[in-house]
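Single-letter residue listing:
2 protein chains.
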Amino acid sequence: MSAPTDPTKERSQHEDDVLERIAKIVTRDTIPRGERHVGDDAAVLQPFLGEAIISTDVSVLGVHLEETLFPLEDLGYKAVMAALSDLAAMGARPRGLVVAVTAPPGTDLDALHHGVAEAARLTSTPVVGGDLSRGREVSVAVTVFGECPGRGAVLRSGARAGDVVLVTGPLGRAAAGLRRRRDGAPLSDERVEAHRRPWPRLREGMAARASHVHAMIDLSDGIGLDLHRLADASSVGFALEDLPVADGATEEEAISGGEDYELLIATNDPGRLKTVFCDRGLREPLAIGVVVQDSLVRTFRGEVFERRGFEHEL
Amino acid sequence: MSAPTDPTKERSQHEDDVLERIAKIVTRDTIPRGERHVGDDAAVLQPFLGEAIISTDVSVLGVHLEETLFPLEDLGYKAVMAALSDLAAMGARPRGLVVAVTAPPGTDLDALHHGVAEAARLTSTPVVGGDLSRGREVSVAVTVFGECPGRGAVLRSGARAGDVVLVTGPLGRAAAGLRRRRDGAPLSDERVEAHRRPWPRLREGMAARASHVHAMIDLSDGIGLDLHRLADASSVGFALEDLPVADGATEEEAISGGEDYELLIATNDPGRLKTVFCDRGLREPLAIGVVVQDSLVRTFRGEVFERRGFEHEL
Chain A
1 MSAPTDPTKE RSQHEDDVLE RIAKIVTRDT IPRGERHVGD DAAVLQPFLG EAIISTDVSV
61 LGVHLEETLF PLEDLGYKAV MAALSDLAAM GARPRGLVVA VTAPPGTDLD ALHHGVAEAA
121 RLTSTPVVGG DLSRGREVSV AVTVFGECPG RGAVLRSGAR AGDVVLVTGP LGRAAAGLRR
181 RRDGAPLSDE RVEAHRRPWP RLREGMAARA SHVHAMIDLS DGIGLDLHRL ADASSVGFAL
241 EDLPVADGAT EEEAISGGED YELLIATNDP GRLKTVFCDR GLREPLAIGV VVQDSLVRTF
301 RGEVFERRGF EHEL
Chain B
1 MSAPTDPTKE RSQHEDDVLE RIAKIVTRDT IPRGERHVGD DAAVLQPFLG EAIISTDVSV
61 LGVHLEETLF PLEDLGYKAV MAALSDLAAM GARPRGLVVA VTAPPGTDLD ALHHGVAEAA
121 RLTSTPVVGG DLSRGREVSV AVTVFGECPG RGAVLRSGAR AGDVVLVTGP LGRAAAGLRR
181 RRDGAPLSDE RVEAHRRPWP RLREGMAARA SHVHAMIDLS DGIGLDLHRL ADASSVGFAL
241 EDLPVADGAT EEEAISGGED YELLIATNDP GRLKTVFCDR GLREPLAIGV VVQDSLVRTF
301 RGEVFERRGF EHEL
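Keeping their order, the protein sequence lines are chains A and B.
Position 35 of the first sequence, counted from 1, bears residue number 35 in the numbering used here, the numbering being contiguous throughout.
Position 268 of the second sequence, counted from 1, bears residue number 268 in the numbering used here, the numbering being contiguous throughout.
Please note that the accuracy of each hint is not assured.
What the hints assert, rightly or not - Not everything, but these chain B residues come out facing chain A in the computed CB check (under 10 Å):
1. Glu15
2. Gly39
3. Val63
4. His64
5. Asp86
6. Arg136
7. Ser139
8. Leu155
9. Asp218
By construction, these hints were calculated from the structure, which means they are not laboratory data.
Here a beta-carbon is modelled for each residue, glycine too, at the ideal position from N, C-alpha and C.
Let the sequences and hints guide you as you build the complete structure.
See the structure below:
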């Protein structure tokens, strides 16, 4: 047992006591009838409707969040939203999440879990379980699971030549916010907030699935990388014509900045997509290009569109 | 990006390339029709039968495994088996798992994932997704999910006064193996193997559920802790009379050594339990005590049975 980094904390805390305290932070007062969340060997959920959709995402302090610029709760919040964005990209409805944390002694585990709890509450996703271990750094592994009642999940691989490519919103907001924070903007700055409080497009993903779109991906690493990933999976090319840049962001931030979490959609019926979005009170998606047969064709306004974006070094 | 710890490795490796290589290690040749595992934003599984059971477990190199005594693949193997043991404790049938890894540059990620893949293959549990991040230490967060067709999951909280307490096998094997390894025994030593290659009692858990047992927990942290946890959850006490100690283990190792992963079961019909186990070709469970009404009564052969076992310091 190494020494704590915060001498005002207890020297060490017993696992069961800590887990009980954290359970109170992340769990809700009402649990659906017949379900069992935190507190047993595993969580018990009522049967899923249709396909089960599952994704896991790990975030590390100092890698995914600059600890000198942002509070620890942001790591928990962003880890949950990043994972939920993967459900959005399949058109799935979230049913729950579990969170596994490593942290050095003295870490403010309450703050971290308050961020987790806030993101879970805002998206109506129950935290049904978790685990905690001592470690040399703070990491948060979030696993989300959802369901796809009726029609199946939307994959990356279904795009076809002639499909229209659309995006659910302007890009570059998160990257611009990070830049502003590095330049000294306060945490409360509107654009910094966009970086700290990303929003997974769950309703948009479900609306797109209901519209029978062909393919979908979330823009977690930037369109400069994620559009190529969708094209690779579908064995197609694309001609990108338009790129909606968020207010205050540069075109480069819109292309290669990650963490916007807008959805990129390919469909042969954009009219239907827009109607469904409109019916559900969602912002109209923006057409930005078309899918082409030749998988070697990857252009932006007629020029070669290089693969670039946030790729983690391992 | 920090320098690699192994200069024979590439300086850095791009995420998509590494993920593709690891996907080949952990995924299987045949994927059930209509399912989609590694490679999209999330995994797609065919509908679960009955309740969905979910658990997450994080293992850290140097905390859960002594890196000077054991190879890295053991961390992956043990992380998967520890998580699956939580499904066993609910009586659930595994449907899949996801694995989120953090590691410093230069880590032998192939070895780590070979351990994950071996455990998954031996238990017929597909690895359906994963994530990977650079970090300062090696950690493996495994999330498992299973189903409970028919009757619901077995909880910790259903034990009643008069129930017989049984265990699926002798205890202390893993702790004895760790002791032997620390004393210089080779990795191939039979007892060291018991420590390196734990086996989750999945078939036993399903048989117990089919036998309508009242409560169940897996002995991950030692019966000296886990029996108290079951009693706490059920608001009962217990009188422990017998304790099956594994060959080569001490009584203290049987009580407070963790990682045996035998199941502890409370039932009012031990005859039925034994019959079902026998019918399924499973080793007969051993009766070791009884549940009593008074939750303050916690005895072993008439003496107070103190709470002790492997509790992580946080």
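Against the structure, the hints:
A distance limit of 10 Å between C-beta atoms decides the matter here; for glutamate 15 of chain B the minimum to chain A is near 4 Å, and the interface restraint holds. Among the interface hints, the one on glycine 39 of chain B holds; its C-beta lies about 7 Å from the nearest C-beta in chain A, closer than the 10 Å criterion. A least Cβ separation of about 6 Å between valine 63 of chain B and chain A falls short of the 10 Å threshold, and the interface hint therefore holds. For histidine 64 of chain B, the interface hint holds, the least distance from its beta-carbon to any beta-carbon of chain A being 7 Å, beneath 10 Å.
The criterion of a C-beta within 10 Å of any C-beta in chain A is met by aspartate 86 of chain B, whose closest approach is roughly 4 Å, and the hint holds. Interface restraint check: arginine 136 of chain B against chain A, minimum CB-CB distance 5 Å, threshold 10 Å, status holds. With 10 Å as the threshold, the beta carbon of serine 139 of chain B comes within range of chain A, its nearest partner Cβ sitting at about 5 Å, so the hint holds. With its C-beta approaching chain A no nearer than about 5 Å, leucine 155 of chain B sits inside the 10 Å limit, and its interface hint holds.
A hinted interface residue such as aspartate 218 of chain B counts as satisfied when its beta carbon comes closer than 10 Å to some beta carbon of chain A; here the least separation is about 6 Å, so the hint holds.
Checked against the numbered hints above, the structure breaks none of them.
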